[in-house]
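**Student:** The residues making up each chain are set out below.
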Amino acid sequence: MRSFTFERASSPAAAAKAVAERPGAKFIAGGTNLLDLMKLQIETPTHLVDVNRLGLDAIEATPDGGLRIGALVRNTDLAADARVRRDYAILSRALLAGASGQLRNKATTAGNLLQRTRCPYFYETALPCNKRAPGSGCAAIGGLNRNQAVLGASEACIATHPSDMAIAMRALDATVETVSPDGASRAIPVADLHRLPGDTPEIETILAAGELITAVTLPPPAPGVHVYRKVRDRASYAFATVSVAAILTRDGGRISGGRLAFGGLAHKPWRVEAAEREIGRGAEAVADIVLAGARTSEHNAFKLPLVRRTLAVTLTEAAQGTRR
Amino acid sequence: MNDIDRRTILTTATIGVAALVNGGFSAVAEAQAVGDPVQAMTTRLTVNGRNHSLDLDPRTTLLDALREHLGLTGTKKGCDQGQCGACTVLVEGRRINACLSLAVMHEGDAITTIEGLGTQGDLHPLQRAFIEHDGYQCGYCTPGQIMSAAGLLDEVARGVPSHVTGDLTAAATLSDEEIRERMSGNICRCAAYPNIVAAIRDAAGAPS
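Just so you know, the sequences run in chain order A and B. Letter 129 of the first sequence, counting from 1, is numbered 129 in the numbering used here, and no numbers are missing. Letter 150 of the second sequence, counting from 1, is numbered 150 in the numbering used here, and no numbers are missing.
Hint data in this document are derived by calculation from the structure and do not stem from the laboratory. Among these hints, one or two may not hold up.
To be verified - Result set (DSSO-like, lysine-lysine): computed pairs, CA atoms no more than 30 Å apart in a straight line:
#1 A/Lys26 / A/Lys39
#2 B/Lys77 / A/Lys17
#3 A/Lys39 / A/Lys17
#4 A/Lys26 / B/Lys77
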């Protein structure tokens, strides 16, 4: 790990200012992803601003009937919150499908959104990676790319976003609240937070330098059956190969509509609203639209039929009421 | 020989090895120091009920602070990247990977390690259960397994659900499936898993 200086921030705006004013400065919250990357010298901040004691750890009801989740609410506490379990089950399910008990106790809501890819070539510092070393190339293209993106990727990067929570947040139409170094706040739909890689895969979100996430707000609960279905190489403690976050409305014994967001497919949570209008026509009709424009690499073509099958079983079980 | 414990023998052996390779260690330390000025930070930790004040390089992980600065070597370094769980400790009662946290982030925190869970004369029920059920083979992952299990039991008592919990709105119960899912952050290379699950089930007072 490269050396750095360390300070504890006194307020969200002061934290934002501290990071904006010092080149090479970064926020640290749970640190479970950042420290891992610092040990490998993939991340080499020269100054860390600890935001853990800013008190951004409450889950509060909003006047319109939604929930405002503090940026520092730990993944365990968010998943276990009685209101989340009752009204936003998809979010509990997605959180509990990710990481381990120890990591969920430490990882924060904002940190989960901002975690970096688990592409093995991003982690392998001996090989090129445009995300880690811009302009060096992409070793995943032509490499072992079984778990890489099939949607929205570029010639520069085929990495995926690893978060489960973010997929549920996308289906829930969550909004990210931030504070800037000048103290101004803004609200960003989670749909707009993450970028596609394009020519600059090292830039992963639209956040400005020093801009700090302070909360994530959920709109009032979306009625319907909440399902988070994650397909992975082992039953626990593994990143998604494909995941589906679904909020589905049932009409009699069939699914009549809903929302669908997908993980494991792209550089950001993937949601195609036009496809949701076809939910009543079944999984194949939906998947045809979701997967339009998909481009597979040598080892990941299996993801396309896997999306179709995962969607089919999700819709079938939701219709039958057999999926918890 | 009975009054010489394993740690005494290991410490003695380590001193011998260190003396042999001392030149090598110094070279590494110097190489890291070039261009890397370090400002030590005073950090107060309460570990197993005892207060400590440590002057630490900010890079020091909680794990290294416990092992290298406080000599509490019961907490193990396995992968050092949050994948194996050997370094699991309780911070303010909650289990975390000590390798993925900086000690300076824990100013004033209360930390419990395996040394603070029970003593040789008064073992914690989980320690007794791991012995009773032979929940280990080489034992390297065991402190992490036991600390993780202690955190798990508290989470279940607080009603924290898991990935395999059927009804999110019902009270949490501790089936073997639940134990396996909730312990997935602890790897046992010897694969003592069936006995680990049995030990945790036993200590939890859950029926098999």
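**Student:** Against each hint, give a clear statement of whether it holds in the structure.
**Tutor:** Evaluation of the provided hints:
no. : hint              : in the structure
1   : A/Lys26 / A/Lys39 : 15 Å, holds
2   : B/Lys77 / A/Lys17 : 36 Å, violated
3   : A/Lys39 / A/Lys17 : 26 Å, holds
4   : A/Lys26 / B/Lys77 : 26 Å, holds
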